[in-house]
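> Those sequence lines, one after another, are chains A and B. If you're matching positions, the first sequence starts at 1 in the numbering used here and goes up one per residue. If you're matching positions, the second sequence starts at 1001 in the numbering used here and goes up one per residue.
There could be a bad hint or two in this list.
Claimed, not checked - Heads up, simulated DSS-like pairs for lysine-lysine below, C-alpha to C-alpha not over 30 Å straight-line:
| id | chain 1 | residue 1 | chain 2 | residue 2 |
| --- | --- | --- | --- | --- |
| 1 | B | K1055 | A | K106 |
| 2 | A | K73 | B | K1041 |
| 3 | A | K106 | B | K1064 |
Since the hints were derived computationally from the structure, they do not count as laboratory data. Source: prediction; values computed, not measured.
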Amino acid sequence: AQTVTQSQPEMSVQEAETVTLSCTYDTSESDYYLFWYKQPPSRQMILVIRQEAYKQQNASENRFSVNFQKAAKSFSLKISDSQLGDAAMYFCAYRSEPGYALNFGKGTSLLVTP
Amino acid sequence: GAVVSQHPSWVICKSGTSVKIECRSLDFQATTMFWYRQFPKQSLMLMATSNEGSKATYEQGVEKDKFLINHASLTLSTLTVTSAHPEDSSFYICSARTGLTSSYEQYFGPGTRLTVT
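The following block holds chain A by itself, in its conformation from the complex:
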């Protein structure tokens, strides 16, 4: 079974600064998908960014970008120009085939200070 590890239970960043959340995973498959989800206090899961393993280019969405290192099985999320609204739980997730469920890491709680 694939495992997803987020080694940072909590992280803190000042407003307007940059923070990087770490994620590693274990898999024997060559093709898969990786995701970062945000879960604010409302508990609604919000997709932040996704990465297809076959794509070498790192995904980015506005202030959010990833550093995908396939050989190292690492998938970190960088949040630039942090905003108070970025405060939330962030979950890294792995999925193999399109029909399969997501396998989540334990999450990182991000605190944004003014």
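Position chain B relative to chain A; hints supplied.
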């Protein structure tokens, strides 16, 4: 587009009773729906995968007779917690995906908080 709703958003029930949670895809047809459970300050754990018109596939350790899942239509899946006990109190989240091969993300419902007294 791609909105998933859950009803109710919060339910309180007495121990020994059953409660049904609905998950609906509002603007797309969901061939597959997933049910997750999340304890406070913990991650989402997959309970079961349900495909329209067939029996759900439960994860190891999830009691099939306790957590009844029905996916009777392409827009509705239900999770019934039977003979609920306080330890069943949790946050239940569903997600849905379309049958399109190009779709590779799941759309999550807002979750249902179950409290069993």
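> Looking back at the numbered hints, which does the structure fail to meet, lowest number first?
none
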